[in-house]
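Asker: Now for the letters of each chain:
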Amino acid sequence: MARTTEVEHRDAGAARPPWRRRALDVIDDRLGINALQYPVPEHANNLAWSLGGVTATTLVVLIVTGVFLTQYYNPAPEAANDSVRFIVKNVTGGRFVRGVHFWAAQAMYVLAALHLIRVFFTGSYKKPREANWLVGVTMFALVIGALFTGTVLKWDQEGFEALSHNLEIARLLGGLGFWFTANLSKNVPILVRLYVAHVAIIPGLILGLLAVHAMLVKRHGISPSPAIPDAPSEPREPFTHHLRRVGAFGLVLLGVLGVLAVLFPPGVGPTPVEGIEVTKPPWIFWWLFTLENQIGLKGILWGAGVLFALLIALPFVDRSPGRHWRKRPIAIVAGAVVLVTLIVFTILEAVVTPAQHL
Amino acid sequence: MRRARIGLALVLALAAPLALATPAGAHGAGESKKAVELVQQAIALIVNKPGDLAAAEEKVNDALKAPDKAGVDLPSVEQAKTALESRDAHRGRALLERAIGAKPHLSSVEPLAIREIPAERATGAEPGTKVATDPLPGRRGLETGDGALLLESLAVGVIGMGLAVRFRPTRGAGAPSGRGAPEEA
Chain A
1 MARTTEVEHR DAGAARPPWR RRALDVIDDR LGINALQYPV PEHANNLAWS
51 LGGVTATTLV VLIVTGVFLT QYYNPAPEAA NDSVRFIVKN VTGGRFVRGV
101 HFWAAQAMYV LAALHLIRVF FTGSYKKPRE ANWLVGVTMF ALVIGALFTG
151 TVLKWDQEGF EALSHNLEIA RLLGGLGFWF TANLSKNVPI LVRLYVAHVA
201 IIPGLILGLL AVHAMLVKRH GISPSPAIPD APSEPREPFT HHLRRVGAFG
251 LVLLGVLGVL AVLFPPGVGP TPVEGIEVTK PPWIFWWLFT LENQIGLKGI
301 LWGAGVLFAL LIALPFVDRS PGRHWRKRPI AIVAGAVVLV TLIVFTILEA
351 VVTPAQHL
Chain B
1 MRRARIGLAL VLALAAPLAL ATPAGAHGAG ESKKAVELVQ QAIALIVNKP
51 GDLAAAEEKV NDALKAPDKA GVDLPSVEQA KTALESRDAH RGRALLERAI
101 GAKPHLSSVE PLAIREIPAE RATGAEPGTK VATDPLPGRR GLETGDGALL
151 LESLAVGVIG MGLAVRFRPT RGAGAPSGRG APEEA
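Chains as they are written, first to last, in my numbering: chain A, 1 to 358; chain B, 1 to 185.
Derived by calculation from the structure, the hints in this document are not laboratory data. From a predicted model like this one, the values you see are computed outputs, not experimental measurements. You may find that some hints are simply not true.
Facing chain B, a subset of chain A residues (Cβ under 8 Å, in silico) [claimed, not checked]:
| hint | residue |
| --- | --- |
| 1 | Phe-160 |
| 2 | Val-262 |
| 3 | Val-317 |
Output of the computed footprint for chain B on chain A, the stretches with three or more beta carbons under 8 Å from beta carbons of chain B [unchecked claim]:
| hint | region |
| --- | --- |
| 4 | 36-47 |
| 5 | 69-80 |
| 6 | 251-257 |
We treat Cβ as the ideally placed atom computed from N, Cα and C, and that holds for glycine.
Start from the sequences, fold in the hints, and give me the full structure.
Answerer: In structure tokens form, the structure reads like this:
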């Protein structure tokens, strides 16, 4: 049948489409990939508007390297620290893959934060995108959760102290902190439960929310750039062009992660001992620990609570239609105050000696 | 401009008290009454803060005064105290490890094989290990294959950059650089 069609084509003198086009048509007939060709404004291809997509590429890197690491990591408390050392010293490529995983996690946090700042700065959270802002804030919280659980998993003094802080915070929360108490499941070490959270619960939630996030971007369209006064006349490009530029940025990122993994691979700290506090948490949490240094353990709870309350409240408080930063002085000044406060608190923690809190 | 100055003043006002404030003190469950735990903590302090032995010395003193001295060889702890007072961290640590029956300093050289898990398993939030091992530094110079990985990573980055330039927006308009007038509300 196919041969007959070919002959008919030749007889008719019609030029056959190139093989790549035909292959894509075959796939499109079955998967509908041409639906990705929908038009988006040209500014979507700028780096600032591609930060969300690049953050998603770090998720892919983290999943791939994470699957590798799970083949060798042992979440039993007696063996966890040694199994990380085993990966670094005895598994072929283990040190490199762990390095890429470590740096990709840092990159994901930074990129997600920059994406969030870009969305704030350009007013992209405003009507009708409030729900998608909340989805994004939830994903940001999950990224922080993944970083926290990843810190604990290496089960060194730093990871153990991070967990100890969380156990104390769970106590402060009372019934609400039940998941973080060892009492929830007395026969299973909490490290095993955090491992499950790190490799299944948190990535699963992020992937699910990512699908919702992307669906809502499609539903509402890429937000207009306030720097372009005449948005309707802006040229349009297919969404696939946005994807390929994100892919290109993703390759740059992958190269940087590889270089960092080779030149600055993460170490493994001493096996943990209870009852001392001698380490600093990862830099991402430093601002919270400045608060702890000043007002005690409650500072962590209050700091995180206030930051996320502000993020959640933002689209419901700032309801003015203007998106350009010059038209939103109160929101921009408030955002700058929050951002500079976080930076100042982070720097303050960097210069102090770890104090005993627990 | 005036608004920016007000914003800056607000931030400085917010940060200043924190820079001047004193850190909050400990508020935990208190010191252990078991000498064996205090010796473990002293070893961990030597491993984690090798340049500052004062905290480890304090823990050794606490261990010698602890009401529950079960499982600890006190003469070794006394010797460790003398060693730490003379700033000999290596000897002090080895003596403390011997005092609780641990293999001195060997855990990081001969790491416990993954299958050799002690019979007593940790539950809840127990650390599961008894003695702090030496840290494993991340950067130990370039190893075999690192050169190739470095070159491959650089190649991937350069290809990515080339593609990013090739796929850039045709007009390059719309960068959020603050150019252009604000949109009409």
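Asker: Under the criterion of a CB-CB separation shorter than 8 Å, is Val-317/A in contact with chain B as hinted?
Answerer: Constraint on Val-317/A not satisfied, violated at 17 Å.
Asker: Are 3 or more residues of the region 36-47 of chain A near chain B, judged by a Cβ distance of less than 8 Å?
Answerer: holds (count 5)
Asker: Counting residues of the region 251-257 of chain A with a beta carbon closer than 8 Å to any beta carbon of chain B, are there 3 or more?
Answerer: Check passed, 7 qualifying residues.
Asker: For the region 69-80 of chain A, do at least 3 residues have a Cβ located nearer than 8 Å to some Cβ of chain B?
Answerer: Our answer is that it holds, as 6 residues pass the Cβ test (under 8 Å) against chain B, meeting three.
Asker: Quick check on Val-262/A please, does its C-beta sit within 8 Å of some C-beta on chain B?
Answerer: Holds, about 5 Å.
Asker: Does the interface hint hold: is Phe-160/A within less than 8 Å of chain B, judged Cβ to Cβ?
Answerer: Since the shortest Cβ distance to chain B is 6 Å, the answer is holds.
Hint check: a violation occurs at hint 3 only; the rest are consistent with the structure.
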